[in-house]
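From first to last, the protein sequence lines stand for chains U and C. This note's numbering puts the first residue of the first sequence at 1, with every later residue one more than the last. This note's numbering puts the first residue of the second sequence at 1, with every later residue one more than the last.
Note that these hints are calculated values from the structure, not bench results. No residue lacks a Cβ here, since even glycine has one placed at the ideal position from N, Cα and C. Watch out, some of these pointers could steer you wrong.
[Claimed, not checked] Partner residues aside, some chain U positions facing chain C, computed with beta carbon under 8 Å:
#1 A38
#2 I62
#3 P65
#4 P67
#5 G69
Here are the chains, one letter per residue:
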Amino acid sequence: MGDSISVNGIERPLTDKTVGELLATENVDLDARFLAVAVNGAVVPRAEWNAAPVAADDDVEIVRPAPGG
Amino acid sequence: MSNALADPLTIADKSFTSRLLIGSGTYPNQQAMLDAIRESGAQIVTVAIRRISLDGGGETVLDALGGDYTILPNTAGCYTAKDAVLTAQLGREALETNWVKLEVIGDRETLYPDTEHLLTAAEELVRDGFTVLPYSTDDPIVCRKLEDVGCAAVMPLGSPIGSGMGLLNPYNLEIIRAQTALPVVVDAGIGTASDVVLAMELGCDAVMAASAVGRARDPVIMARAIRHALEAGRLAYRGGRIPKKRHGEASSPGRGVIGT
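Can you make the complete structure from the sequences, with help from the hints?
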């Protein structure tokens with residue numbers, strides 16, 4: 001078994017080295033507005049996506065606004 | 001004569017002509033949401049922060065709303081201070097706003113707030129530079145503690161979220177209004193226009209409505225009703241109601257009646 005990572009609650013093999021690479025792998029448009037990312041409970045600002053590392057067993061959350069009360 | 005229009009709602013450093021905060025969820029479709037929000041006159045619109053769908057993009061609720069509103073991200077669905085704080089921080093990053101409607105839910109059945117986690121999260125977010133608008137129980141002591149930790153408003157519930165039961169304890173809301181220097185926003189439980197009128201007549205500063213509009217048979221018409229209710233209730237509060245008496249008091253002169 002290789003290294004894995006959790007992305008929005010789903011475990012999958014770790015194939016990326018940075019947040020930016022991970023978003024590209026997930027087909028997330030890096031230029032889309034209103035996106036936010038956290039790794040292990042800490043927000044990673046957009047300006048740092050391309051440099052911020054992701055590693056085995058990290059817990060990544062990718063969110064955006066949704067209709068709500 | 002006082003000018004009804006010159007009676008803004010001020011929260012932190014922002015002023016609004018509308019006293020309504022409106023939700024963007026529960027509508028039958030997006031167009032109904034946009035039409036109802038427009039008709040309500042609301043300037044503050046709440047949104048949730050949710051995981052993106054990894055199987056496709058799609059426009060966000062923000063693309064639809066455009067730049068016409070003050071967008072207030074909430075922490076709805078969070079059950080711990082930790083999750084609420086991270087959700088608030090993600091909302092700040094996504095929306096470039098320091099404002100957050102802080103919700104920490106304690107129970108799936110009642111959706112009542114978890115006061116212990118709420119206070120912890122509020123304190124941490126204020127320290128982190130947020131303008132915190134906390135959804136709380138209608139408990140004057142809890143509201144005072146939220147004020148003490150530096151929240152920008154208090155948002156006591158009228159009744160459970162989505163219940164439509166109106167203001168179950170108007171006496172508490174009156175006490176909260178009397179005790180706090182912060183804006184009081186009645187959050188949760190609004191069912192129809194008369195609930196909004198009562199909140200305003202009690203002196204509350206604003207009302208948050210979501211299901212009351214979104215789940216109404218006709219959201220656009222209900223949005224209009226609530227807009228008028230806010231105005232009627234606020235004016236009645238400012239006009240000052242007469243005291244209640246146990247006996248009648250004639251409004252025509254007692255003298256000069258024929259046959260006397």
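Okay, the hints, checked on the actual structure:
1. Interface hint at A38 of chain U: satisfied, since its Cβ lies 6 Å from the closest Cβ of chain C, which is below the 8 Å cut-off.
2. Hint status for I62 of chain U: holds, given a least beta-carbon distance of 5 Å to chain C, under 8 Å.
3. A least Cβ separation of about 4 Å between P65 of chain U and chain C falls short of the 8 Å threshold, and the interface hint therefore holds.
4. Proximity of P67 of chain U to chain C holds as hinted, the smallest CB-CB distance being about 4 Å (cut-off 8 Å).
5. The interface hint given for G69 of chain U is met, as the beta carbon of that residue sits about 3 Å from the closest beta carbon of chain C, less than 8 Å.
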